[in-house]
Structure formats: structure tokens, C-alpha cells
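Asks: The residues making up each chain are set out below.
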Amino acid sequence: MKDVSFGQFYPVNSFVHRLDPRLKIVFLIAYIVAIFLATNFYELAACALVLLLIVFFARIPIGKVLRAVRGVTFLVLFTTALNLLFYKGDTVYWEWGIFCVSFEGIIFSVFLALRLVLLVVCSSMLTYTTTPVSLTDGVESLLTPLKWIRIPVHALALVMSIALRMIPVLMDETSRIKNAQMARGADFESGNIIKRVKATIPILVPLLLSALRRADELGDAMDARCYTGGDHRTKYKKLRFTWRDLVAFLLGAALIAGVVLMRIYLPASY
Amino acid sequence: MRIVAEHLFYTYNPKSPFETAALRDVSLTIEEGEFFGIIGHTGSGKSTFVQHLNGLIRLPSSLKRSRPNRKKDSSVKTVLKVGDFDLADKKTDFRALRKSVGMVFQYPEYQLFAETVREDVAFGLKNFSSEKLSEEQIDAAVRAAVEVVGLDYDEMKDKSPFELSGGQKRRVAIAGVIVTRPEVLVLDEPAAGLDPLGKQEIMQLLHKLHREWCRTVIIVSHDMDEISENCTRAAVFSEGTVRYVLPPRELFCHAQELTAMGLDVPLTAKLVSLLHERGIDIECDFTAADFCEKVLAYAAAHPKKERDEGGEA
Chain A
1 MKDVSFGQFY
11 PVNSFVHRLD
21 PRLKIVFLIA
31 YIVAIFLATN
41 FYELAACALV
51 LLLIVFFARI
61 PIGKVLRAVR
71 GVTFLVLFTT
81 ALNLLFYKGD
91 TVYWEWGIFC
101 VSFEGIIFSV
111 FLALRLVLLV
121 VCSSMLTYTT
131 TPVSLTDGVE
141 SLLTPLKWIR
151 IPVHALALVM
161 SIALRMIPVL
171 MDETSRIKNA
181 QMARGADFES
191 GNIIKRVKAT
201 IPILVPLLLS
211 ALRRADELGD
221 AMDARCYTGG
231 DHRTKYKKLR
241 FTWRDLVAFL
251 LGAALIAGVV
261 LMRIYLPASY
Chain B
271 MRIVAEHLFY
281 TYNPKSPFET
291 AALRDVSLTI
301 EEGEFFGIIG
311 HTGSGKSTFV
321 QHLNGLIRLP
331 SSLKRSRPNR
341 KKDSSVKTVL
351 KVGDFDLADK
361 KTDFRALRKS
371 VGMVFQYPEY
381 QLFAETVRED
391 VAFGLKNFSS
401 EKLSEEQIDA
411 AVRAAVEVVG
421 LDYDEMKDKS
431 PFELSGGQKR
441 RVAIAGVIVT
451 RPEVLVLDEP
461 AAGLDPLGKQ
471 EIMQLLHKLH
481 REWCRTVIIV
491 SHDMDEISEN
501 CTRAAVFSEG
511 TVRYVLPPRE
521 LFCHAQELTA
531 MGLDVPLTAK
541 LVSLLHERGI
551 DIECDFTAAD
561 FCEKVLAYAA
571 AHPKKERDEG
581 GEA
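Going down the list, the sequences are from chains A and B. For the first sequence, counting from 1, position 241 maps to 241 in the numbering used here; every step adds exactly one. Just remember that the numbering used here sits 270 ahead of the position in the second sequence, which is counted from 1.
What the hints contain is simulated information worked out from the structure, not anything from laboratory work. Check before you lean on any hint, since a few could be wrong.
[Claimed, not checked] Only part of the chain B face toward chain A is listed, based on derived beta-carbon distances under 10 Å:
#, residue
1, N324
2, G325
3, I327
4, R368
5, G372
6, Y380
7, F383
8, A384
9, F393
10, K396
11, N397
12, V447
13, R451
[What the hints assert, rightly or not] Some chain B residues near chain A, calculated using beta-carbon distances under 8 Å:
#, residue
14, L382
15, F398
16, G446
[Unchecked claim] The following label-pair restraints were derived from C-beta to C-beta distances:
#, chain 1, residue 1, chain 2, residue 2, range
17, A, M171, B, E301, 33 to 39 Å
18, B, A366, A, F78, 34 to 40 Å
19, B, E405, A, I193, 42 to 48 Å
Think of the CB as a built atom: it goes at the ideal place given N, C-alpha and C, for glycine as much as any other residue.
All chains, please: the whole structure from these sequences, using the hints.
Replies: What follows is the structure, encoded as C-alpha cells:
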């Protein structure tokens, strides 16, 4: 359990790590839009290239990036299989009842799988390179306009930062409870799916209880320090847009514009 | 069961920025029938070590990764044996091992999950038995375990474990581990978070278990008083290595080294050294009862100084 790494900050000092979190969030959104705009492999390849560059500049080991993908292997395989079997194409290779495998189906499912993988990798790059605190600051700052229509942006940002902060804590807790139950002979690795689901009850019940207990304690601790949140809080670290962010912004904008231009001017084909 | 560990290494998160060496060359032998103490500061590797004992942490399959300078000492061979179980062997039956080595984690009450005390205590029992047990067999085993930890079975069995008091919960959790009658019982900080009276009761319980239930008891603690009061021998862990393995009374002759490792020496040892500074030498085995006795004996033998010692004790 100790090596569950999806969504955990990876502490190295890199160009990407030092970027303004707001820029990274905006860039992530733009990038996701670009992935969904891409309709052929050229465009997707361009997106992948951009992402590879980011990974390179963030100095995150490739193994770490792949581990993020491993978490969604099942989802990717599942959607790929569905598309492969149900996509109605013209060049049919094999047909049986409602299932059919066609050339277009294969292309389409590979395309979707790639798109999903890129999606996961780019989102995890954000959390790998941004500490939960600066991520929250970024979100809060970006959502400021919503304050004008009386949406409690600060509270939402706080909720998010607590949730992110608690992920590793709950992971640790899970592995501790799992160990304790394994020491009592619990078996999580064998048996059919019903048996395995039932085997998680001895983990889930204590985990839920401890999450509630932690929430309670945290609430008390915040009360005890007179936390009220909101308007009059000042920041220890102010977000600042620097030359680095400008460079990254220009590069990112150019790359995404490139993808969009490809979409418009290149013939739509595989 | 005799526990033999030789040249144990363990690293968390190898080859990442989070890499931390938890064990560096730990060798330790625990004889059958001991009440053994493992003491060390936070992060000294004591918990990592005990988790090896029932295979929750497995020895790395390729020993290369965990041994940084293996070329220099290729003669060094990692050995870990618990009774007849060879934990370096991949084919070891870890279920059978876990049945014979009971493990009570820190704050064991947080692992309770079942609807009734009976169900919770029976959890391990059902997991470990190869054939299906009859309700009577389960009842008998659970009753024995719940009663040995000092609770009333008939009163407890249908209660939810979550409506019990803190001390009762901990007892139920311990019952849930000993119900399979393990030969070795390992407890990680069994008295953590209890008040002094609760601590004393838990320690009395452990002695009772040691007498009647489990041949070997191993406790992990950072509290010197707990170790010195209870254990036959103790190992001091520091930064992933074993510094000393001695009976407590000899251990505390190394008071200064212990303090340097961030460990506290027991109150009695502090008092003995204070008395020594004043020219009064008292030899005792560092338990509170023995210390008081020796001080009183000394006082009786040296009536003139009686008032001085009275103040010190």
C-alpha cells in the first residue's frame, strides 16, 4: 500500500514544479479540451508530444507516470473492449450476434484508450508537480469571480485541500488496518469476486470510523484555534506570476493553438 | 518457538525520494518462553522488525535491493526463522505462521469491525481453521479468550464492540488475536494512550497471558518504565540497528547512551544515579517495588541518614 502514488505530490525541484498553480490548472483544462478536440492520430500524437515534454521538464521518472496509468488499467481495458465489440464499422472482420469487430472499431477503440491514458497522465502531472496547498490556493484564486455571486469559494477550497491532505493519511490507515486483519488471518487475495468484496468489510468499517473520528477531531482543532475562514485571512505565500509562467504560458498557448490549427487545416483522416 | 533473525535489511520506498532505510543489519535471537521487550525511539525500526515476524513484511525476493553494499560482504546471509518456519523460503505457509504468531497492533481497538463482540473475536478463529467450526466450538473458544482478558463473556457477547469503553475495546481486540492460541504474541505499544491504572492492568493481563496462554510474549514500546518493570530481556533499537540486547537491569547501566538515543531511562534508574551522586550506592533490578525495598533496607541499616533517603524515595 505504501507505493500507491496516484495523485501524490512528487518532491523534486523543476521548472514545472515552480510554475504558478493557476497557470497549471488553466493549462490542464486547455489541454483536456485539446485532447477532446483531437479527432485523428496526428492531433493526438501532437498532444502526447506536449505531455512528454512536460513530463521531461518536470523531472518525474517515467515509471512514476506509468504507475498513475496502472490505476486505471481496468477502466481503459473495459472501454476498449466495449468499443471494439460494439462499434459498427464498414470493414467487418468478425461478427456474432450483436458483437462485431471492424477496422474502424479497432482504430476507434485504440484512439479512445490513448485519449484516456493521456487524460490520466496529464491530470496526475498536475498533482505530481503541485503541492496540495498551492493547488488549493490556485483553485481559490481562479474561482474568485464566484465570490461575487455569494458562493463560499474559500470554504470549497478548504474542503478540497483537506480532502487532498487526507489521501495519504487514509492510505496509511488502510494499510495499517489491512495488516491488522491479515494478522488475524483475513485473506484479500483469493476467492471469487463476491468473497473478495465481503473480505473488504473488515477494512472498510474501521476505515470509515477512523475517517469520521479524524473529521471530528479536525473540526474541534479548527474551532479551538478560532478558525472562521473567509475574507480577512492573509496568505503566507502569495501567488505571483513570474517570467517562468510567462514562458510556460506562451509555449502552452502555442502548442494548443497548434493542435487546434491542425484540426482545422489538416484533412480529417486517420 | 525460538525466533532467529540475522542480517535483516529493509528499505521503504526504495529508489524514490521517499526512500528510508528502516532496518540495517538487524540480528536478534528471542528464546522460547521469554517476555521480551523491544524498545526504541520513533523511526528506530522496531515496528518494521516485528512485522517481519508473521510475514506481514516479506523478505525481499532478490536480496540485492535491500542490501546496499553486498559486494563487500557477500558472506552476509539474511536469516529469519520463527520456530520451524523459514521466512526466507517463499514456500512457507504464511497462514500457519500467522496463526502461531499473534500480532496486536498499536491501538488495536481501531480494527474492530463486527456487529457483536462474539463475531469480532471469532473472526480470526474462523479465518484460521481449515474445516468449518460448529457454533459450540466457536462459542467455547471465544468464551475462553474473552474471559482470559478479564471480561464477562455472557454480558459482552451480543454487545456491539463500538459501545464499549476504551479499555474494554482494547481487551476485546486482544481477545480477537489470542483466540487462536498463538505460541508467540507480539504487541506493538500495548499500553499506548491509556492512563497509568489502565497501563498497569494491561501489563498484568500480559503477564497472565504469558503464564497461561502464549509461551513467548514480545512487547514493543518506547517507555523504559514499562520495559524495565516487565521484561526478561530487552533489545534497544536505534536507527535501524540493534544496539543492545540485555536484561533490563544491565541495560540501564548504559543510561547515558540511552539518553543520547533519545530514550528515557526509567525513574528508578534516575533515582539510583541521583543517590549515587550523594554517595549512597543502591543495587537493585530497577523495578519500582525492588527499588523501594532496597532503599528502605538501606535506610534501616544507616539510621542517621534516614531522613535524607526518605526525601529521595
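Asks: Regarding the hint that R451/B lies at the interface with chain A, is the smallest CB-CB distance below 10 Å?
Replies: For R451/B, the interface hint is violated, since the closest Cβ of chain A sits about 13 Å away, which is over 10 Å.
Asks: Determine whether the Cβ-Cβ distance between M171/A and E301/B falls within the hinted range of 33 to 39 Å.
Replies: At 37 Å between Cβs, range holds.
Asks: Taking 10 Å as the limit, does the beta-carbon of N324/B come near enough to a beta-carbon in chain A?
Replies: holds (6 Å)
Asks: Should the interface hint for A384/B be scored as holding, given a Cβ-Cβ cut-off of 10 Å against chain A?
Replies: Holds, about 8 Å.
Asks: Return holds or violated for the Cβ distance of A366/B and F78/A against the range 34 to 40 Å.
Replies: Holds: the Cβ-Cβ distance is about 38 Å, inside 34 to 40 Å.
Asks: Going by Cβ atoms only, is G372/B closer than 10 Å to chain A?
Replies: Holds: closest Cβ of chain A sits about 7 Å from G372/B, inside 10 Å.
Asks: Holds or violated: Y380/B as interface residue toward chain A, Cβ cutoff 10 Å?
Replies: holds (6 Å)
Asks: Does the CB of F393/B sit less than 10 Å away from some CB of chain A?
Replies: holds (6 Å)
Asks: Does L382/B meet its interface restraint, that is, does its C-beta lie within less than 8 Å of any C-beta in chain A?
Replies: Since chain A brings a Cβ to about 7 Å from L382/B, closer than 8 Å, the hint holds.
Asks: The hint names I327/B as touching chain A; please verify it with the least Cβ-Cβ distance against 10 Å.
Replies: Given a least distance of 9 Å, the restraint on I327/B holds.
Asks: Does F383/B pass the interface hint, meaning its C-beta sits closer than 10 Å to a C-beta of chain A?
Replies: With a minimum Cβ separation of about 4 Å from chain A (threshold 10 Å), the hint on F383/B holds.
Asks: Take the shortest C-beta to C-beta distance between G325/B and chain A; is it under 10 Å?
Replies: holds (9 Å)
Hint check: violations occur at hints 13, 19; the rest are consistent with the structure.
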